[in-house]
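Using the sequences and the hints given, assemble the complete structure.
Protein chains in written order, with my numbering: chain A, 556 to 711; chain B, -17 to 171.
No false leads were mixed into what you were given.
Covered stretches of chain A (in silico footprint by chain B; criterion: 3 or more residues with CB under 8 Å from a CB of chain B, positions within the stretch not fixed):
#1 577 to 588
#2 605 to 618
#3 635 to 644
List of simulated lysine-lysine pairs, PhoX-like, C-alpha gap at most 25 Å:
#4 -7/B - 38/B
#5 -6/B - 38/B
#6 38/B - 641/A
#7 160/B - 111/B
#8 -6/B - 641/A
#9 -7/B - 641/A
It should be emphasised that the hints constitute simulated quantities derived from the structure, not laboratory data. This one's a predicted model, so the numbers in the text were calculated from it and none came from an experiment. Quick reminder that beta carbons are idealized off the backbone N, C-alpha and C, glycines included.
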Amino acid sequence: MNVSAGPPPGLPQPEEPAEVPPEILMRYMDGELPPGEAAKVEEALARSTEVQRELAVFRMFHRDLTELRLHDPPPGRSAWDRIHGKLSRPMGWILMGVGAGVWTIHLLWVYLSSAAPSWEKMATSAVVIGVLVLFASVIHERYLEWQTDPYRDIER
Amino acid sequence: MNPDVERELVKKCRGGDPRFYEPLVRAYEPQGLRLALGMMGNMEDAQDALQEAFVKAFRSLGRFDVTRPFGPWFFQILRNQCRDHLRSRKSRFSVEVLDEDSFRHHADEGPGSTQRARERTEAQRILWKGLERVPEEHREVLVLKELQGLRYQEIAGILDIPEGTVASRLYHARRALKDALEAVGADYP
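Set out below in structure tokens:
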């Protein structure tokens, strides 16, 4: 705010420079001060053209910003459909996972308790386990690569 | 929205049924979109952030205090979502919010107002350019105050800071906007 050394003694003294703390000034401008305090700010403002000018600029910003017309959502079109889809999706995954798990256990039980020879069951089990191990290791490797990739945030 | 109705809807949503969430989404969507637009600067990112915020809010309803209003709590989530978006480097604040609608709005103000409309639209475009240069922390408090028209108490709740800090941050934000506008050659006194 205004800071000056003041005239030498003997000359007429000007009124004291206004000292309005920025927080109080903002509360005054935004109508957040009680009437009594607002009156005090007005008194202080009357003594400082610098603060008056600053306040006038802030008020211009306020006027121009509140006049901004941004896009409103088109009437009748809401984001609800997409939000609803995202909220419902986990339930779909859970149901699909549980169903697939039950079917897998059932088929395993049917196969292992069937009359097929033991060597056939062991060979088939080895193939299935081998595929699962390979699949898991590829996923794990990709995950590690992704974690240490320094360019992962760069858009391609 | 009536606070009692809102509370009932939140309680029902906590049971996991998203159908009761629809009235809440529709009630807070326009205000949320304006906040997200102010923070992100373009429609596409704003809509993404808004949707993600609604989904996160639904999943966090278990931690929500039902004795408090839903709005400020949701706007806090939305504000964090916008900040995360901006920091993830997937997007940055870019001014695409002003379009022909803005011009038409001013041009409709009366006969012979086309020139004035053009000037007002240009002034607003410059204002957004200034906002683009203002630090994120300052921009969000300006958006909440000037575009959303919220009171200090509400802003304090959303930003999770004391009211005194809101006032002081607003002062610095307005000063920063003034400096930014001077830097882009705007004609503010």
